[in-house]
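Number of protein chains: 2
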Amino acid sequence: MRRSRPPILWLVLSGILGFWLTLGCHKQSASTSASLGGSIHPYSTEMEKDDGQWLRATKDFANTRYSSLNQITIQNVSHLRVAWTFSTMVPHGQEAAPIVANNTMYVATPWPNVLYALDLTKPGAPLKWKYEPHPSPAAKGEACCDWVSRGAVFDNGKIFFNTLDGYTIALNADTGQELWRTRLADLSKGETITMAPMVVHNHVFVGNSGGEFGVRGWLAALDTSNGKLAWKAYSTGPDKEVLIGPRFRPYYNTDKGSDLGVKTWPPDAWRIGGGTVWGFLSYDPVLNLIYYGTANPGPWNAEVRPGDNKWTAGMFARDPDTGEAVWFYQMSPHDLFDWDGINEDVLVDLPLQGKLRKVLLRPDRNGHLYVIDRSTGQVLSATPYAYTNTTNGVDLQTGALRRIPDKTPKTGQVVRNICPVAPGAKDWQPSSFSPQTGLLYIPHQNMCMDEEGTEASYIAGTPYVGSTVQYYAGPGGHMGELTAWDPIAGKAAWVIKDKYPIWSGTVTTGGDLVFFGTMDGWFKAADAKTGDVLWQFKADSGIIGQPISYRGPDGKQYIAILSGIGGWPGSIVSGQLDTRDGTAANGWGKALPNIRNEVTAGGTLYVFSLP
Amino acid sequence: MRRSRPPILWLVLSGILGFWLTLGCHKQSASTSASLGGSIHPYSTEMEKDDGQWLRATKDFANTRYSSLNQITIQNVSHLRVAWTFSTMVPHGQEAAPIVANNTMYVATPWPNVLYALDLTKPGAPLKWKYEPHPSPAAKGEACCDWVSRGAVFDNGKIFFNTLDGYTIALNADTGQELWRTRLADLSKGETITMAPMVVHNHVFVGNSGGEFGVRGWLAALDTSNGKLAWKAYSTGPDKEVLIGPRFRPYYNTDKGSDLGVKTWPPDAWRIGGGTVWGFLSYDPVLNLIYYGTANPGPWNAEVRPGDNKWTAGMFARDPDTGEAVWFYQMSPHDLFDWDGINEDVLVDLPLQGKLRKVLLRPDRNGHLYVIDRSTGQVLSATPYAYTNTTNGVDLQTGALRRIPDKTPKTGQVVRNICPVAPGAKDWQPSSFSPQTGLLYIPHQNMCMDEEGTEASYIAGTPYVGSTVQYYAGPGGHMGELTAWDPIAGKAAWVIKDKYPIWSGTVTTGGDLVFFGTMDGWFKAADAKTGDVLWQFKADSGIIGQPISYRGPDGKQYIAILSGIGGWPGSIVSGQLDTRDGTAANGWGKALPNIRNEVTAGGTLYVFSLP
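Chain order of the listed sequences is A and B.
Sequential numbering of the first sequence, starting at 1, is according to our numbering.
Sequential numbering of the second sequence, starting at 1, is according to our numbering.
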């Protein structure tokens with residue numbers, strides 16, 4: 001662990017950021033919406049302002065996952081204890097964020113995708129209602145990486161969530177009554193849905209999973225009132241299907257031209273080319289833009305798909321109302337390593353070279369922390385936040401990722417010591433940003449791999465990968481890191497190392513604490529300024545979920561997290577895979593040979609508070 | 001709740017009992033063993049003396065489930081909090097007692113019957129080893145009442161436990177290495193094993209389950225060193241197979257005569273007559289007798305099996321070394337209501353009519369608290385501890401249960417308002433006895449039923465019941481009670497009522513606390529003297545397990561319990577049964593119509609301590 005410099009500078013900055021994040025964002029949200037005129041969604045403005053709620057996985061539109069609640073502090077966190085618990089009944093990877101709205105907590109489980117509503121006003125938070133969608137069991141076989149769900153979203157009295165077999169469902173948040181359900185993904189093609197939906201205005205946004213099955217990625221917008229498709233933007237193919245039109249103004253030349261989603265692929269390869277959309281979305285209500293990343297191109301074996309493979313492994317800014325692409329940036333053109341670009345974009349306004357810039361912070365799978373002008377898509381900086389030996393930075397003039405040719409996988413040849421690995425320097429696990437410290441808290445991997453390209457044949461609904469990989473710990477021998485990143489200095493303030501990948505998200509609080517979990521079952525609180533671990537609790541199973549902070553009806557601050565190992569690496573435990581095969585769980589067997597003797601699968605919600 | 005009389009009298013008595021329980025029992029254990037001469041098992045005497053261990057489900061041979069540890073008190077229990085947790089990975093009924101020996105905790109799961117060893121010397125008690133027996137999946141279909149296991153037993157460096165599909169397994173307690181495995185039950189006939197084994201001298205005792213499948217009950221003794229069968233005593237059939245011989249001296253005339261296990265049945269009916277052995281065993285080292293109950297005769301429909309149906313629904317005292325029956329008493333001759341006699345026998349020495357008597361306390365399924373001279377089998381008293389309208393007490397001269405004829409089930413006719421129900425006033429859930437208060441803490445039901453006899457045809461390995469039952473709450477509208485019973489006064493000191501049956505066991509501590517769990521997920525501590533609930537914690541799932549108290553390597557007192565609803569009533573949740581059928585779970589559907597909307601299945605170990 002390295003110590004940060006004294007946070008004096010940040011006292012000033014945090015005022016600015018604090019304003020933007022807690023007042024600016026939401027007030028502007030209302031006023032911007034108003035200035036847009038026409039079909040304006042009636043924002044639950046009062047709920048947005050109430051920092052005791054947790055309405056969506058990302059906490060706010062900016063994706064900060066910052067809770068200003070400050071009852072739990074550096075001084076008293078050692079007294080934190082379990083207040084109550086709840087079983088999801090599903091011993092599989094629990095990646096969902098609990099949602100808190102109007103003193104009800106909503107918990108989405110992995111397949112069979114049950115949604116539970118717990119009444120926070122009563123002792124022990126008894127079940128208020130549950131909704132069982134009965135998704136197809138076939139979905140379990142189509143999911144690459146366990147049966148995960150990343151949670152639900154609350155908006156205006158409704159709860160929206162997705163099922164692994166491809167439905168988006170809207171419920172009455174008070175009663176659990178189904179309002180509508182819309183089938184979006186085609187299971188027979190290998191499409192599943194794992195992401196947490198997001199609502200902006202009158203649209204709920206949902207993307208697909210299945211990049212390892214030769215699916216074609218998309219983001220869909222459904223009308224929140226009736227579930228009808230408003231628009232659907234593909235990540236590959238002709239401009240009209242990508243919703244690229246007159247408003248599209250990418251910053252870099254490589255993204256300019258017509259139908260690049262077709263031309264940067266071998267003939268027809270874009271039809272099965274991946275670019276799925278399963279990460280978190282952000283929204284800037286002033287610019288009225290949503291931001292999201294696209295996943296890896298398929299198959300992994302890049303030799304069979306020469307070209308940049310637009311618009312995969314990149315990120316879009318779109319108009320949430322029309323779906324029109326406004327800009328795009330490709331972090332990993334012609335991706336070689338399964339580097340999905342689905343990582344979160346955290347919207348903050350940063351003082352850079354003496355000017356307050358509207359940027360997004362993107363800790364990308366390729367190992368770089370991008371600071372990008374969120375109005376234009378210009379990369380202001382791109383700095384490795386994790387060990388990498390496959391690239392040599394980013395050319396800020398062209399936006400190009402500088403690759404190191406020696407580390408190019410080839411069919412029939414094992415290339416060794418590729419860092420980061422296919423799951424990237426960071427996979428799905430979301431970071432958080434504290435306006436008090438000005439740091440981004442990035443949970444991620446420190447890993448390398450050996451990779452060999454293999455043949456890949458496309459058969460609808462079956463794996464389409466073309467690569468054999470084995471992962472192992474990177475320099476230092478540890479596989480996980482929680483890095484507190486200073487986006488202005490462009491360096492880490494401190495790093496916490498862990499034996500296993502830190503596959504959980506983080507939450508940061510007004511008490512200057514950052515909470516995160518480990519795959520071997522520890523839920524921890526660290527001093528957000530120094531990285532000192534001040535408290536830890538041993539859960540029943542590994543933790544790979546999204547911690548949240550909320551205010552209970554009793555006025556107390558609570559911290560909640562789901563335990564339950566699973567997901568990509570953790571499926572070794574939840575899927576009871578045999579690690580004598582080093583490629584088990586698509587490469588994790590070698591890295592986690594003993595984890596089944598250390599951790600058991602589970603699925604339990606833990607809620608903590610001070611006594 | 002009723003308050004007890006002041007516990008002044010008990011201060012004197014507790015001294016006597018305390019001596020017997022904590023010194024007398026174990027010291028005499030060693031000396032008695034010595035006086036027996038010959039093949040004497042080397043008792044782990046030091047471990048038996050150490051009240052910080054929990055070597056067997058029943059805590060001690062006397063079945064008191066009393067822990068003298070007294071760090072957690074009436075005054076400080078409100079500060080009790082979760083220390084750590086562990087997932088069994090099995091969201092089914094968790095009825096096992098965790099076992100603690102030499103700073104290792106052993107946790108037995110429901111099918112697939114994994115045994116986990118957790119290292120208590122390390123933070124968070126990581127897995128030390130696990131043993132996976134891979135029992136047959138067919139066992140799940142043969143188990144009447146969920147896939148439960150009631151736990152393991154530690155003896156002399158070995159761990160013994162049973163699998164649902166009928167094996168007894170011995171492991172090296174340090175390494176988890178399998179020492180032997182012996183097949184005892186025949187799954188194809190409907191035999192399963194759910195009980196916690198017990199070790200006395202060089203024998204491990206195991207009985208069968210499957211009374212609803214037309215099996216024939218037995219208790220087997222295996223040599224602890226090699227798993228070979230030493231003896232097997234059937235609960236029905238000829239005397240030689242019941243191990244009734246010259247030493248057999250039943251107290252009552254109805255139990256005298258040759259081959260009553262054949263003659264009290266229609267021809268050959270004893271071969272499929274039940275009398276399984278799945279409860280807890282007790283052992284008196286001075287008398288060198290083990291005590292255990294036999295389950296209901298099969299089928300439930302009693303019209304097809306006229307006679308007393310020896311030796312079912314009764315209890316045996318046997319020589320643990322030879323298996324010879326020494327006495328028998330039948331609580332429910334010609335059982336009408338599925339009243340298994342498998343309830344625990346708690347061995348205490350009580351001052352009765354001015355004389356200290358060696359007795360056993362038996363809170364029987366038929367609703368009576370029996371005080372029985374454990375040397376002879378004489379019933380000293382039998383008092384209803386729960387509401388009953390089917391019997392009119394016990395004739396102490398003849399030992400006969402006085403039945404009320406109106407409440408006799410008949411084929412094709414519904415008899416209503418039968419109290420207690422088929423699961424009895426108390427099912428398996430074990431009570432505890434505090435020498436400090438002199439009270440027996442009985443978790444039990446307050447329920448009535450409607451019953452209709454139906455045809456029953458025997459087909460090996462299929463249900464053989466012949467009865468349609470529907471249960472509901474008894475007088476007062478609550479289904480569960482924790483009764484603190486004064487065995488000398490023959491009345492309750494206090495009663496805690498609960499909405500649902502209290503299906504968990506209890507543990508009582510030197511801090512004058514009694515711990516128990518509820519089916520809707522609360523783990524509670526009550527003042528053992530008054531019944532005031534002083535602390536409660538909301539677990540992730542319903543609690544139907546056996547709480548324990550132990551001393552950790554840090555010298556602190558810990559309380560442990562498995563959560564995970566299931567078992568007979570709870571299988572509605574764990575088996576996802578449809579309660580629109582009132583007979584779901586063999587009668588529980590009507591009583592628990594909404595429980596699936598209130599509780600979720602789980603399987604988590606919770607360990608509590610003071611901060």
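It should be emphasised that the hints constitute simulated quantities derived from the structure, not laboratory data.
Heads up, a few of these hints could be off.
The list makes no distinction among identical chains, and a pair is therefore deemed to hold if it is satisfied within one copy or across any two copies.
Dumping the calculated EDC-like pairs for lysine to aspartate or glutamate here, alpha-carbon to alpha-carbon at most 16 Å [what the hints assert, rightly or not]:
no., residue 1, residue 2
1, K240, E452
2, K263, D527
3, K122, E598
4, K130, D259
5, K355, E132
6, K497, E324
7, K122, D554
8, K538, D119
9, K140, D119
10, K556, D174
11, K590, E452
12, K538, D239
13, K122, D520
14, K358, D373
15, K130, E598
16, K263, D450
17, K556, D450
18, K358, D581
19, K407, D319
Structure-based check of all given hints:
1. K240 to E452: neither (36 Å within a copy, 70 Å between copies)
2. K263 to D527: The answer is neither: 50 Å in one copy and 77 Å across copies each exceed 16 Å.
3. K122 to E598: So K122 and E598 pass the 16 Å test across copies only (13 Å; inside, 36 Å).
4. K130 to D259: Neither. Shortest intra-copy (45 Å) and inter-copy (57 Å) distances fail the 16 Å Cα cut-off.
5. K355 to E132: Neither: 51 Å inside a chain and 62 Å across chains, both beyond 16 Å.
6. K497 to E324: The answer is neither: 41 Å in one copy and 63 Å across copies each exceed 16 Å.
7. K122 to D554: Answer is within: at 10 Å inside a copy they meet the 16 Å cutoff, but 36 Å across does not.
8. K538 to D119: between (25 Å within a copy, 13 Å between copies)
9. K140 to D119: neither (30 Å within a copy, 34 Å between copies)
10. K556 to D174: neither (23 Å within a copy, 45 Å between copies)
11. K590 to E452: within (15 Å within a copy, 60 Å between copies)
12. K538 to D239: For K538 and D239, the Cα distance exceeds 16 Å both inside one copy (50 Å) and across copies (54 Å).
13. K122 to D520: For K122 and D520, only the inter-copy Cα distance (14 Å) is at most 16 Å; the intra-copy one is 32 Å.
14. K358 to D373: Classified as within; 6 Å inside a copy, 85 Å across copies.
15. K130 to E598: between (33 Å within a copy, 9 Å between copies)
16. K263 to D450: Neither: 31 Å inside a chain and 75 Å across chains, both beyond 16 Å.
17. K556 to D450: neither (49 Å within a copy, 48 Å between copies)
18. K358 to D581: The answer is neither: 47 Å in one copy and 61 Å across copies each exceed 16 Å.
19. K407 to D319: Neither: 38 Å inside a copy, 75 Å across copies.
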